[in-house]
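Protein sequence lines correspond, in order, to chains C and X.
Using the numbering used here, count along the first sequence one by one with no gaps and you end on 112.
Using the numbering used here, count along the second sequence one by one with no gaps and you end on 1111.
It should be emphasised that the hints constitute simulated quantities derived from the structure, not laboratory data.
Treat the hints with caution; some may be incorrect.
To be verified - Restraint ranges, calculated between C-beta atoms of paired labels, are given here: (1) X:1044 <-> C:110: 30 to 38 angstroms; (2) C:99 <-> X:1022: 18 to 26 angstroms; (3) X:1013 <-> C:65: 23 to 31 angstroms; (4) C:67 <-> X:1040: 24 to 32 angstroms.
All C-beta atoms, glycine included, are put in the ideal place defined by N, C-alpha and C.
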Amino acid sequence: EAAVTQSPRSKVAVTGGKVTLSCHQTNNHDYMYWYRQDTGHGLRLIHYSYVADSTEKGDIPDGYKASRPSQENFSLILELASLSQTAVYFCASKDRGATEVFFGKGTRLTVV
Amino acid sequence: SQLAEENLWALSVHEGESVTVNCSYKTSITALQWYRQKSGEGPAQLILIRSNEREKRNGRLRATLDTSSQSSSLSITATRCEDTAVYFCARPFGSFNKLTFGAGTRLAVCP
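Throw the hints in and build the complete structure from the sequences for me.
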């Protein structure tokens, strides 16, 4: 079973502050993703990466940066957190040749 | 990109009954994926059905795809309490298996 671990699991941040969400996968997957889920809605793609040291913009990248320093780690960075970024954030990974995407348990971010 | 949309926001059934969740989409697809998300967890893939397939099974789960009506369904037979979750359809697009999710259907099996 693929393992995707997110930290922290929950966080309260102050408006205007910097937030870093971390993701670690132990399955040697090439592709990693960050999704955002708002209450009562589906997930939306923020950033993704298909190789270490490279990131790509997803559907809603504004206000977010991503970093993939190694194959195993993928971070999501909010330089200036805003109230509208309160949501649950999910990291996911996928092997290059496979179809199944594996999600972490999510990080609940509350910006106050 | 167009979202895949589930047709009902919430369903409630008694344990042992069967239930069907529907999904419609607005653009051409190469495949459709069904996910289940339990409370406090990330989504877990249940079934992937490709555009050239009409039906796919996985245990008590059965997915259908009708490309002419641009719709898909996920049926669960002999439901159990642990089937209580939110069910999403998702459309892969572009390279790297990026996903567009519907809003989800919340299924309650047990009180």
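Going back to the hint list, which numbers does this structure go against? 1 and 3
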